[in-house]
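Residue numbers (numbering that gives the first Met the number 0), protein chains in the order written: chain F, 0 to 284; chain S, 0 to 830.
There may be inaccurate statements among the hints.
Said to hold, decoys possible - Computed, partial: chain F to chain S, Cβ under 8 Å:
{"id": "1", "residue": "0"}
{"id": "2", "residue": "42"}
{"id": "3", "residue": "60"}
{"id": "4", "residue": "61"}
{"id": "5", "residue": "64"}
{"id": "6", "residue": "66"}
{"id": "7", "residue": "120"}
{"id": "8", "residue": "178"}
{"id": "9", "residue": "188"}
{"id": "10", "residue": "192"}
{"id": "11", "residue": "259"}
{"id": "12", "residue": "261"}
As the list claims (entries may be wrong) - Partner residues aside, some chain F positions facing chain S, computed with beta carbon under 10 Å:
{"id": "13", "residue": "18"}
{"id": "14", "residue": "38"}
{"id": "15", "residue": "170"}
{"id": "16", "residue": "187"}
{"id": "17", "residue": "260"}
{"id": "18", "residue": "262"}
{"id": "19", "residue": "269"}
{"id": "20", "residue": "279"}
Quick caveat, the hints were computed from the structure, so don't treat them as lab data. The beta-carbon is built from N, C-alpha and C at its ideal position, and this holds for glycine as well.
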Amino acid sequence: MIPAAFDYARPTTVDEALRALADGGEDAKILAGGQSLIPVMRLRLAAPAMVVDLTRVTELRGVRDDGDALAIGAMTTHSDVIADPLIRESAPLIAQATETVADRQVRHRGTFGGALAHADPAGDLPAVALALDAEFVLAGPGGRRTVPARDFFVDYLTTALAEDELLVEVRVPKLEGSWGMHYEKFNRVAQAWSIVAVAAAVRRENGHIAEARIGLTNMGPTPLRATATEQALAGADAGEAAIAEAARHAAEGTAPSDDLNARADYRAHLAEVLTRRAVTAAVGL
Amino acid sequence: MTAVEDRPVTAGPAKEVGQARKRKEDARLITGKTTWTDNMVLPGMLHLAVVRSPVAHAKLGTIDVEAARSAPNVVAVFTGRDLAEEQGSIPCAWPVTPEMVNPGHPSVAVDEVNHVGEAVAVIVARSKTAAQDAVELVDVDYDPLPVVLDMDRALADGAALTHDHVASNESFRWIFDAGEAGTGSSTDEAFANADVVVSRRFVQQRLIPAFMEPRSTVVQPQGDNYTMWSSTQVPHILRIMLAMTTGVPEHKLRVIAPDVGGGFGGKLQVTPEEVITLLVAKRLGKPVKWTETRSESLMSAHHGRDQIQYVDIAADREGNVLGLKVHILADMGAYLRLVTPGVPILGAFMFPAIYKFPAYRFDCQGVFTNKTPTDAYRGAGRPEATFAIERIMDELAVELDMDPLELRRRNWINAEEFPFTTVAGLEYDSGDYEQATQQALELLGYDELREEQRRRRESNDPVQLGIGFSTFTEMCGLAPSRVLGSLSYGAGGWEHASIRMLPTGKVEVITGSTPHGQGHETAWSQLVADELGVPFEDIEVLHGDTAISPRGLDTYGSRSLVVGGAAVVNASQKVVAKARTVAAHLLEASEDDLQFESGTFSVRGTPGSGVSIQEIALATFAAHNFPEGVEPSIDADATFDPVNFSFPHGTHICAMEVDTETGMVSIRKYACVDDVGKIVNPLIVEGQVHGGLAQGIAQALYEEAVYDEDGNLTTGTFVDYLVPSAADLPHFDTGNTVHEAPGNPIGAKGVGEAGCIASTPAVVNAALDAVRHLGVSDILMPLTPERVWRAIHRGGDGGDRATAGTNAYGGAQTETTAGVSTPESRLGGDR
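Please construct the entire structure, taking both the sequences and the accompanying hints into account.
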């Protein structure tokens, strides 16, 4: 299908982009890799009056070492994320989850920041960012601000980004050494969205689990943390029985939807099974 | 003369038939270096966009087209009322009973809409974008009527009606009773005397053909002549039907199917959009193009399958089958299209399959619902039948506590019994079910997998293993014309071919069997290369244009090679016969003394002398030195009408892993051995089997057209209508046995549908075999993880799926996929 007509701006710097966004007003949309926006425009689910294309804003691309965190530019493509040595080293969970996103063509154009700003609860990266306690750096007309992941995802397809703001970078704390990670995705065909998925990062200490961070994909209108399971795992024995017991709490506090792939009760069950598997893999059992 | 002298001096080129030639058409098809219909650009061409109903059933009130008509670059807007006089009804060529109710099928709705996606108005504009933008400006007043969706309920007393002007939701009732037909005994007696009766209700979910190239049509008027390019499987049938429907005389209409990117039966149709494009071009006197979006395609191109099957099987304690009763509810959708009612009837004869049933009764009701019409989809009737019989055989085996393969062996037709006349009255031509089965068991590594299954069961492994069989046959090579006549089909089943010998020795083969991706150009070239002894590269196959290929019945029902290829062979042999006369004249010999080897006529016993058929083509063109009284042409044509169907068969075995914790199923191994008769090109055969397996497995595991309670198609995009890719399918271990078909000069049986027909029950049987010990006896298709999990942990067959589409992507809805504006789309931004 053909999108409705729209105006188009292609800035080359963040400042130009912010000006274009301000000029576009409330009907402006940001185009990153276009892998979500273009399809919904073609279906006329979205009909923005102005599209601000960030493809040429080179300062938004790439991953840098920023001390105790990695700073991932919002326009870094999925394929660049997967290949990045810093991410492999300090946040392998991101690379693993990104490898499951859609197909090779989409990963070549789609961007890390675009996927997070789109905030699709069935998308893979929001739950990963949440599990890793990432921070989102937003640029606006009044300067920059940093929003923690738990405050960034507000509702279905809705984030803390104001209409005149731009996601410029995501800071991900380095988790090295005794941290293990795993992304467990459950979908019916390779290119489909997650029915449910679980992102787990676990720190082991003396045969115990010192700390666990667990993000849930598609268990509600936003990505969620499996808080009850995290609490049950803190200090628990790093064995199958304890993990299985803790995973029973994975769906607590979630609000999954009914659709043709899964009703809510089945999603809740999947969250438990997949959490057990993700934590088990992250622990290295 | 000795045999030694008879041999040619040098060995001729290797036979083409049997070689795994790469397809000569693929380079241009795969790289897009061809003119697909949507690539057509004609001077002054206008573009169509169709306004489609977002509601399933309603009276049409006012349709306000003024805003659309005055939109920039819009040339005209037509509603059904504007076209009512000339659009006629989409034809149904298969009135299966004299009493069959056909409600009529306007191309653009006039008074009432009967399914989501039905055309209600047409925009004509100078650009595609202008036409699309104007769709949202048409304001249609829909006065809602009750929506009929469920077939069981549609047939109940007092049910709401799909069509206001038709008395019930039943289109027809068609019964075949072998006892009455004299091909078997009484089913009532068989069931009364049986030790064991097993009854099941199976559901064939609704599927969408989902061909790769969306439908597209271009019409160019030239005076009172019209040329239509269309992405169709059936240019010849389309021409005849358009002439009968629109009143444009047949001889004023030329239909061209250029290269066509797939169809699977989905383009075996006379579509509303083809009629609309022709009528608009006629009205405006300008070339017009219509190309659908994928969303339009999913909701308005015809769907397939959609049956409820009540199946009863009777047997004695030893496992000898005694009788089969089948009652089908077949969903027609809202209208009857080209062969809608005939699809379940094509299946009627296949339920007894390869088994020696003494008694058989088939009873089918065609049912109207407020959904997209159904029609042919790869296999058309036969996958439904094969699924039912192969599933019920497993259920009977469970009831009898027999090995499912042993039960099949006990009842199937043995190799020495061919030709065998079945209880349905078909004469099966040839085959050996035991041989194919043995080979498939070896390919699978059956014993090891059974052993692993036992181990997993004993250890209560969360991942269980199952093995499922499908020992299938099908009827292909549609079809003997007189059989089609006896079934009230509106046309014959012959096929036409002609051979043109060009002066430079090149050969044009004209086939009436129009390909849409099957590789006719390659296979026909191989056939002709062997018959005429000319190089493969010297042969061009022409097709798809009614002005070039004037007679034909096109491609469907695995008929092309079996019927169309046979015509090609027969025409080639006529060319050789004509050329022999010329050769005898040129060689100053008697025709009886000539031998024809590797494309050259020579006088027996005179090595070195000879004239090639390519030289004869030049001599015929010049005609300077031609035999007295013989017309200077060695071109020939042939029309082949088969005397019987052909009956490919095979054994498909699926090994399936079921994760009992999540319900996820995954195919561990898939082995199949198909007997498709003589194989002309093994590479094409393997490709057809792979593609068929993909679609058959997709029915078992992935695909389903889902409607919500209002009649909205919630699987309106590929986000929710899950077509598997190579990444989702296993390696296939394939093999062949060869029992040639006696009914055509090639000996081929047809392969286009085999994989699709055979695989679905093998996959479902395998999944059930994995979890039957957990109390599961059926799971509805597709076997979504949720259904499998529910069946294991909650009992039952997995139940109905929720009808809401996924929330991913922003969740496309009918209004948007129908191209109708919504408040959200006016707002911009996210929903």
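For each hint, the structure was consulted:
1. 0: Interface hint status for residue 0 of chain F: holds (4 Å vs cutoff 8 Å).
2. 42: Residue 42 of chain F check passes; min Cβ-Cβ to chain S is 5 Å, inside 8 Å.
3. 60: This interface hint is violated because 25 Å lies over the 8 Å limit.
4. 61: violated (28 Å)
5. 64: violated (34 Å)
6. 66: violated (35 Å)
7. 120: Holds, because the Cβ-Cβ distance from residue 120 of chain F to chain S comes to roughly 7 Å (cut-off 8 Å).
8. 178: Because about 26 Å separates residue 178 of chain F from the closest Cβ in chain S, which is outside the 8 Å limit, the hint is violated.
9. 188: holds (5 Å)
10. 192: holds (4 Å)
11. 259: holds (5 Å)
12. 261: At about 5 Å, which falls below the 8 Å cut-off, the nearest Cβ of chain S leaves the hint on residue 261 of chain F intact, so it holds.
13. 18: violated (19 Å)
14. 38: holds (7 Å)
15. 170: violated (25 Å)
16. 187: holds (6 Å)
17. 260: holds (6 Å)
18. 262: OK, holds: residue 262 of chain F within 10 Å of chain S, min 5 Å.
19. 269: Where the cut-off is 10 Å and the nearest Cβ of chain S is about 6 Å from residue 269 of chain F, the hint holds.
20. 279: violated (13 Å)
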